[in-house]
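K.L.:
Each chain, letter by letter, is given below.
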Amino acid sequence: MSETATTHAARDHARAMGSTVVDTMPTLPARSATVVPAGVDGDTVVWAETLAGGGATSKVLSRGARLRLDDIEGDACVALLVHNADQTAERLNIADTVKVQWQAYPSTGAVLLSDLGRAMMSITSDSSGRHDAFCGTSNRVTNAVKYGDGEVDGEQPNGRDRFAVALSKRGLTRRDIAPNLTLFKGVTVGSDGEIVLDAVPGTPGTHVGLRAEMNVIVTIVNVAHVLDPRPEYTVTPVRITAWSGLPGGVDDAVRLGSPEVGRAFLNTDDLYGAASHLDDTALATSPNGATS
Amino acid sequence: MTVVHDEIVRARAPWSHVVKAGESLRIIDLEGNQAVDCLLHLVADTAERYSAPDTMAAQGNIYLRVGTVLMSTEGNPMMTITGSTVERHDTIGGACSKESNTLRYGHHTWHQHACVENFVLEQSRHAMGKRDIQSNINWFMNVPVEADGSLGIVDGISAPGLWVELRAEADVLVIVSNCPQINNPCNGFNPTAVRMVITAPEAR
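Chains as they are written, first to last, in numbering that gives the first Met the number 0: chain A, 0 to 291; chain B, 0 to 203.
Honestly, the hints are just simulated from the structure, not real lab data. Heads up, a few of these hints could be off.
In silico BS3-like links for lysine-lysine, alpha-carbon gap of 30 Å or less [stated by the list, open to error]:
#, chain 1, residue 1, chain 2, residue 2
1, A, LYS168, A, LYS145
2, A, LYS58, A, LYS168
3, B, LYS129, A, LYS58
4, B, LYS129, B, LYS97
5, B, LYS129, B, LYS19
6, A, LYS168, B, LYS129
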């Protein structure tokens, strides 16, 4: 008789799988994660997950939380969307992020700006320095053309459909997929406007550290870059670690980095100051500097 | 060729019109250096719309020029730039908003009119809302990227009477904000009217 011929046998069969450990999976509770960035108290960890190439994941992070993304093998391609967790119509605006900060290549000291003029997240550390604010992510058509197939049930899942599924679980739709930022795959804009993707793969072991300046929904899709020249769909895992903390205070280095960013922090402060149901006790005691 | 629509859009105002597959829209910069912020939606499904990232990635270039195919969020051609007397147009600079104006110029600009106000209003007339503003085109606007990544809106390269012409590859709802910005050179610090002419090929 088969292992799953009866309900009791099928139950035992299913339960025997529960303790399986693989390289790419979430760790629960997050504070039990064994790989934690230096200096981080393991008890403060709120998200510990290694996301496989081709995958998607999402988490609500509180204002002040730190998020670290590690490109373990040097070939991750993290497409990132950020929504305000309390009013999801507000979201990352890539055009405003580059325009307001007068800089096409976001790195340490930059903020991710919302379309309502607020600082959503700060980039507090960046040992990669190679990112892409222009090309967005793949869709079903681009992957079908390049790989012969782009369906999410296949081997070359496309970024847009991955985002659509992840956001649907938050009650959001395709209308909520605005242009994303891509981390760990850098592009350069040439003098005639041409877009050049860095050589792939990149350097193993780089990371990006971010700090949530508001309550955010972070959605991450790890799919091959839309301009990746390789005929094989190639993308390696990203390790995600988040821990609780405080937002950038009045003497924070990112906040003080430019007048435009300073006003973006003021606008975020104003949101939490006026809406008393959103706890803002953290701000007054925020420490200087970032530790991610 | 038959003119099916011809309208002056006054300075600072929104505008929208359907351009059917095969028809062409000519946008004429009547007085010069007037940014025309533009969204495109597929009539058959307005959730599918113009995508700056998909358009730039498809052509490997940030500038919109004659021959550029304006791509949708789902990877489909929406319109093609079939002619332009301005060398290039912008799609990285986004649309001005009251909120981003507070960052760029200070909170004294909070009560000034802005493109996002126009977009939201015009989209509300087509059963859409703020979430439907994704990426946009800025016709006649000049946004260079320097070697060090410096990027910004600088003096325009358009002039009175210059134009751009777009052929619809599907039935497309074109939504425009005739940009009211007065704090940077995108409109030469003086918003002015533009003209919209939609033409259809001769019936055969």
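K.L.:
Run every hint past the structure and note whether it holds.
P.N.:
Outcome of the hint check:
no.	hint	result
1	A:LYS168 with A:LYS145	holds, 29 Å
2	A:LYS58 with A:LYS168	holds, 11 Å
3	B:LYS129 with A:LYS58	holds, 23 Å
4	B:LYS129 with B:LYS97	holds, 14 Å
5	B:LYS129 with B:LYS19	holds, 25 Å
6	A:LYS168 with B:LYS129	holds, 20 Å
Checked against the numbered hints above, the structure violates none of them.
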